[in-house]
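> One letter stands for each residue in the lines below.
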Amino acid sequence: AQSVTQLGSHVSVSEGALVLLRCNYSSSVPPYLFWYVQYPNQGLQLLLKYTSAATLVKGINGFEAEFKKSETSFHLTKPSAHMSDAAEYFCAVTRDDKIIFGKGTRLHILP
Amino acid sequence: DSGVTQTPKHLITATGQRVTLRCSPRSGDLSVYWYQQSLDQGLQFLIQYYNGEERAKGNILERFSAQQFPDLHSELNLSSLELGDSALYFCASSPFMGLATDTQYFGPGTRLTVL
Numbered sequence: 508a509q510s511v512t513q514l515g516s517h518v519s520v521s522e523g524a525l526v527l528l529r530c531n532y533s534s535s536v537p538p539y540l541f542w543y544v545q546y547p548n549q550g551l552q553l554l555l556k557y558t559s560a561a562t563l564v565k566g567i568n569g570f571e572a573e574f575k576k577s578e579t580s581f582h583l584t585k586p587s588a589h590m591s592d593a594a595e596y597f598c599a600v601t602r603d604d605k606i607i608f609g610k611g612t613r614l615h616i617l618p
Numbered sequence: 002d003s004g005v006t007q008t009p010k011h012l013i014t015a016t017g018q019r020v021t022l023r024c025s026p027r028s029g030d031l032s033v034y035w036y037q038q039s040l041d042q043g044l045q046f047l048i049q050y051y052n053g054e055e056r057a058k059g060n061i062l063e064r065f066s067a068q069q070f071p072d073l074h075s076e077l078n079l080s081s082l083e084l085g086d087s088a089l090y091f092c093a094s095s096p097f098m099g100l101a102t103d104t105q106y107f108g109p110g111t112r113l114t115v116l
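Chains as they are written, first to last, in the numbering used here: chain E, 508 to 618; chain B, 2 to 116.
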């Protein structure tokens, strides 16, 4: 069975500070991994995806994530947080015909 | 704006009732996906249709059903509603068949409240 765990349901960072949102997956085979963002009262928007090409994946809005097989992790980072980054972030894993989302991490940006 | 539209935006109904949620995918997209988002269950994949045919099934209850019509819009039917069905229901679309690598474009959701 495969699943995804997001560490920390809430993360607060100061504006301009590094953003690090953690995601660990469990899968018996190499997965496809995604990060989605959900702004208040909106649907989800794809930030980036890993599909077994480069392990460092660059996404929209300055976000990137690194696939580390040895650590079964796919953490999301952004060097400098902006107020507009405040949202909920979901890590997801897919294999074959199933997609499984993590519980989500709400990112708060402190002025 | 993702190009995916969902109606209605809000729906309030009573237990035991039946409702229909509607989704129009982005122009040209052949796949439609339905998701349920609730506080206790998180975001769950329900079902995918590709070009009118059921393609993949997730945690969809037997009381729920969906279909995709020839014009590619989709409807999610929820019957014998229970309080626990109160949730945000999202539709997403993608150009192709694959669930695994396709980028999915999400609609704004329908908030269902069961009283």
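Hint data in this document are derived by calculation from the structure and do not stem from the laboratory. From the three backbone atoms N, C-alpha and C, an ideal C-beta is built for every residue, glycine too. Careful, some of the hints might be misleading.
[Stated by the list, open to error] Some chain B residues well away from chain E (every beta-carbon gap over 10 Å; in silico):
1. A15
2. L44
3. R56
[What the hints assert, rightly or not] Where chain B lies over chain E, by a calculated footprint (3+ residues, C-beta under 8 Å):
4. 553 to 562
5. 583 to 591
> Run every hint past the structure and note whether it holds.
We went through each hint and held it up to the structure:
Every C-beta of chain E lies more than 10 Å from that of A15/B, the closest at about 25 Å, which supports listing it as non-interface. The claim that L44/B lies off the interface is violated: its Cβ sits roughly 4 Å from the closest Cβ of chain E, which falls inside the 10 Å cut-off. Against the 10 Å criterion, R56/B falls within the reach of chain E, whose nearest CB is about 7 Å from its own CB. Coverage of the stretch 553 to 562 of chain E by chain B holds [criterion: at least 3 residues with CB-CB distance below 8 Å; count 3].
Look at the stretch 583 to 591 of chain E against chain B: 0 of its residues bring a Cβ nearer than 8 Å to a Cβ of that chain, fewer than three, so the hint is violated.
Taken one by one, the earlier hints fail for this structure at numbers 2, 3, 5, listed in ascending order.
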